[in-house]
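Protein chains: 2
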Amino acid sequence: MSERKHVVIVGGGFGGLTCARALARADVDVTLIDRQNHHLFQPLLYQVAMAGLSPSEIAVPIRSIVRKQKNIGVLLAEVERIDLETRQVYYSPAPGDAPLSFDYLVLAPGARTHYFGHDDWELYAPGLKSIDDAVEIRRRVLLAFEAAEREIDPAKRAQLLSFVVIGGGPTGVEVAGAIAELARFALDRDFRVAKPYEARVLLIEAGPRVLPAFAPELAEKTVLQLAELGVHVRTGTMVDAIGPRGVRLQTGETLLADTVVWAAGVASSPLIRGLGGAVEMDRQGRAIVAKDCSLPGFPNTFVIGDAACFLGPDGRPLPGVSPTAMQMGRFVAGIIKQEVRSAAVSERPEFVYTDKGSMATIGRSRAVAETKGIKLSGLLAWLAWLLVHIWYLIGFRNRFVVFFDWAWSYFTYRRGARLITGGRLLPGAPEAHAYTSSHDQAHHHAAQ
Amino acid sequence: MSERKHVVIVGGGFGGLTCARALARADVDVTLIDRQNHHLFQPLLYQVAMAGLSPSEIAVPIRSIVRKQKNIGVLLAEVERIDLETRQVYYSPAPGDAPLSFDYLVLAPGARTHYFGHDDWELYAPGLKSIDDAVEIRRRVLLAFEAAEREIDPAKRAQLLSFVVIGGGPTGVEVAGAIAELARFALDRDFRVAKPYEARVLLIEAGPRVLPAFAPELAEKTVLQLAELGVHVRTGTMVDAIGPRGVRLQTGETLLADTVVWAAGVASSPLIRGLGGAVEMDRQGRAIVAKDCSLPGFPNTFVIGDAACFLGPDGRPLPGVSPTAMQMGRFVAGIIKQEVRSAAVSERPEFVYTDKGSMATIGRSRAVAETKGIKLSGLLAWLAWLLVHIWYLIGFRNRFVVFFDWAWSYFTYRRGARLITGGRLLPGAPEAHAYTSSHDQAHHHAAQ
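Chains as they are written, first to last, in this note's numbering: chain A, 1 to 448; chain B, 1 to 448.
No lab work stands behind these hints, which were simulated from the structure alone. Do not take every clue at face value.
Remember, identical chains collapse to one label, so a pair may be satisfied in a single copy or spanning two.
What the hints assert, rightly or not - Below, a list of computed lysine-lysine pairs in the BS3-like style, where the Cα atoms sit at most 30 Å apart:
#1 195 <-> 70
#2 195 <-> 291
#3 68 <-> 195
#4 337 <-> 156
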């Protein structure tokens, strides 16, 4: 209607938010839609799940981040359908039932936990994608220690203090290391009967090694550093079933454990699948995008971040990490600004990904990192990880405050974050590990 | 069994925790049972509900508080039944199905939100007693602003931005003042369509004035200070019904408001009622205790805090505030220590309550306080409130850190705590204010 172009951005993660911020001084109106009211600093989500940080330390309302940007409106709503031909976004709740019309659409809906067709596993092995996920995992882990404290049967206590993490990528490594640390250092003196240091943490990976995206020697160092913390790693191990009392492997072996965390698979947001047959997708449901991050045939619609499959120079998709999303967001904002400024249609540039390296933290003072051929592990890698993560906290409270909080946590193993909230506190409900209920399959702990 | 006496304490609030800590060096074994894993600094709970503080800033795991006290075991469990005659506490889950035997029992189960027989109101007007309550109220208040931002009908927007707080005690005053402040100062620049400063906050009190426990002139000053923030106070106003779209008064008048908070009534924990006919109760279900805080006829069972009705020298029950609970906790611990030390049965002392005064905060730099005849209001009262509350944070992270956090919040109107988590984010579910659903009663906003 107006002369000003309308840019609709779906998703306030690293990609969408970076794009929105990069459009701050452009002559466009921006609408940013997200199902959550907050941007989440996902690389630290495992810290909330492991009671090291509080939700408010790694999440901040999207409105607050863009409050000074006058050309952005934020909508807390769920996108239901997108019509690429008529350029309309249908969302809910939409008070006037009117869709949003767009001149440019930037889809950055991110990824979801994916159970490879076994959605029933979610009940027993939650994934780690949102604040609610993290609070739920925190609840389960802390409740397992509480139940162990009440338990008088040593075998049952062992089962309560057994934790299985499925998936040997960075998230799985971080979660496994953090459970072991929580048990050994943070909870150790809190309990009288249960001995948190007896907790057994098992990391299961289907492939031949952990951290497949890293150099093999770093994967080996990771296994060693995990072992120092007491985490046992099993590679080449496929899961056959997950139930309330543990995990059955494809070998038939059963791992008795009341707490299981799923870090094995992600898939693109269902929004991409909903775009219909005109859009080509890869196996994970990501949209295959052109060199300018647009959808082939729809030059005004871009897909960025974890929902996009962008083939790099080596013919493999770019990794689903925050630097990819942020670089794509800035790149797409650049194209939009360029086209809004000059009506003349020119050839669009191609997106070039700058690989800044990868890092995974294993625990306090333990990590692995590689960047431009340099490989680090141990304390040095951990310090690098710490610096990068503090530096990249977008619009958070304040870098100084975060640093202060972390320093404080580091020296005190802070306790405030160790709250159990939400859900049912006491067993009985399925989500609360009804350890007194009978189970239809005999389980034998064979992990040791 | 052993020579050492066993003290069972039910409840880890101010009363139970103070009692447990006071028994630190006594020659007894203490078991502290609570349904939550955390002690809650309840006077600041409204700050969590109003997104000023995060849950982890006002709650800390009970285990962490008593970790250095070797004679205390903590159980996360729910007490189901107490047999005063055989001195057994039955709790759940109890893995061996064995109850706890006690030599001394200290009941400090606190109070619950009470709807005067209208339990169906809870769905539309949650109370404020736990972290989960506070997070739920925070979710509703923030979602109301979000829905107003999406809304295009001005009348519906007005309804979304109308907030009714029922109950003019300290909690109601604090909540009403905090909603007004949140709207006027914290959210003001975050929204484009909704104008948070247009939010209408109404505080309803059935009695003739707010803060009935305070001097009349302070109640008047409170109304003035609330008015400065834009809160409208209506006294002598009885509620007839509460529904998804607001409150109907006994006059027939209807107040259209999507968000209602209940701060009008509390009753004692049902545990007291469960003690059976041998225990006398007052109208609120509190146990009427003897001068030594024990149950008449059961000298080894004490009831303290909000669950106890202790008649003061003026013949009126002591107020249900944290100083009462803490003083009772220390007093009862003293009796137990005394009796464990010397086998000789001596006359027990009588509990004497020391009234340290009352205070209620209305907003930043606004409060009322009275102590020993001195009445304060405004900034001075607020500074007094701040000092007392920081000082009394039991075993919290660290007084310095809390002070630092608060100072920070004060100057920045911090945003991190403004997260919406848990529950359903979008309308449709009953708890999320289905503002598009029809309502069987015509409601007209008549509050202005």
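Which earlier hints turn out false for this structure, listed by number in ascending order? Of the numbered hints, 2 and 4 do not hold.
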